[in-house]
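Student: Residues per chain are reported as follows:
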Amino acid sequence: MVNPAIEGKRYPRTSPYLVGREKLIEFANATMATDSNGETAPPTFPIVIQERSLKQVLTDPESQLDFSRVVHGDQRFVFERAIVAGDELTSELSVASVKSLGGNHLVTFNTEIFDATNKLVCTAISTLVVRGEDA
Amino acid sequence: MPDINSLSVGDVVAETGFSITRDSLVRYAGASGDFNPIHYRDDVAASVGLPGVLAHGMLTMGISIGPVVSWAGGAENIVDYGVRFTKPVVVPPGEPAELEVKATIGQIDPEAGKVRVDLTTTFEGNTVLGKAQAWVKL
Numbered sequence: 001m002v003n004p005a006i007e008g009k010r011y012p013r014t015s016p017y018l019v020g021r022e023k024l025i026e027f028a029n030a031t032m033a034t035d036s037n038g039e040t041a042p043p044t045f046p047i048v049i050q051e052r053s054l055k056q057v058l059t060d061p062e063s064q065l066d067f068s069r070v071v072h073g074d075q076r077f078v079f080e081r082a083i084v085a086g087d088e089l090t091s092e093l094s095v096a097s098v099k100s101l102g103g104n105h106l107v108t109f110n111t112e113i114f115d116a117t118n119k120l121v122c123t124a125i126s127t128l129v130v131r132g133e134d135a
Numbered sequence: 001m002p003d004i005n006s007l008s009v010g011d012v013v014a015e016t017g018f019s020i021t022r023d024s025l026v027r028y029a030g031a032s033g034d035f036n037p038i039h040y041r042d043d044v045a046a047s048v049g050l051p052g053v054l055a056h057g058m059l060t061m062g063i064s065i066g067p068v069v070s071w072a073g074g075a076e077n078i079v080d081y082g083v084r085f086t087k088p089v090v091v092p093p094g095e096p097a098e099l100e101v102k103a104t105i106g107q108i109d110p111e112a113g114k115v116r117v118d119l120t121t122t123f124e125g126n127t128v129l130g131k132a133q134a135w136v137k138l
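Protein chains in written order, with my numbering: chain Z, 1 to 135; chain V, 1 to 138.
So here's chain Z without its partners, still in its complex pose:
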């Protein structure tokens, strides 16, 4: 279940996340990357930032998003530049679309990730499939 009325809704900017060298190494190791230097973030690291924005949607009573019925449909990261250690990142999520498909809902989020100078670093685009009650 998800409330279709959240389509177009923008959520507030998150508080800054300081990207640490050891965190990048930990993430690189967890994704089995062989060349982690702790300086440049692996390409899927922005999921950690997206998650902070997504939490706002999950805790928003208006969204009525039932996380126990959620499956990750697709994910994309478009980079203006790579994330590096020392970055202070904030993010802002908007609900791009809510669609119905065969008893399920598809919700697409755009999360823009900014650095400390307010420059766009990366846009994370994520579609969640919310399974219907009988699916």
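A couple of the hints might just be wrong.
Pairs of lysine-lysine residues, derived as DSS-like cross-links and limited to a Cα-Cα distance of at most 27 Å, are as follows [unchecked claim]:
#1 V/K137 - V/K114
#2 V/K87 - V/K131
#3 Z/K119 - V/K87
#4 Z/K55 - Z/K99
#5 Z/K99 - Z/K9
#6 Z/K99 - V/K87
#7 V/K102 - V/K131
#8 Z/K23 - Z/K119
#9 Z/K119 - V/K114
#10 Z/K23 - Z/K55
#11 Z/K99 - Z/K23
#12 V/K102 - V/K137
#13 Z/K9 - Z/K119
#14 Z/K119 - V/K102
#15 Z/K55 - Z/K9
#16 V/K131 - V/K114
#17 V/K131 - Z/K99
#18 Z/K55 - V/K137
Since the hints were derived computationally from the structure, they do not count as laboratory data. All values reported here derive from a predicted model rather than from experimental measurement.
With the hints as your guide, set chain V onto chain Z.
Tutor: What follows is chain V alone, placed relative to chain Z:
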């Protein structure tokens, strides 16, 4: 970094196997902050009708780009990366789940100095990611 002029569409630029165990899932949960119990608890996975504990889709996505990062000379050269999650990767408690990742040149844009790398990630003979594509700046 590879020379863009030496590449052709269809070239296989990386082919690597990865073993995913329950340990890998716990490690990824900690690193990413995704503690959904369907990724480490059999009882929870079963209660929501899953065939078993599943690898995080984002773990499969993250693993799959690694060989491309190595080939491209660093993560800073990956400018766009997207996938669809089409099939789950079931990770049993004992044996590891074996993933095969193959990266092929799908498109070359010499003017922009970019190539599209298409990823095929296979588990038990099925591809688990759809439309898995990365644009790489060379």
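Student: Looking back at the hints listed earlier, which ones does the structure fail to meet?
Tutor: Structure breaks hints 3, 11, 14 and 18.
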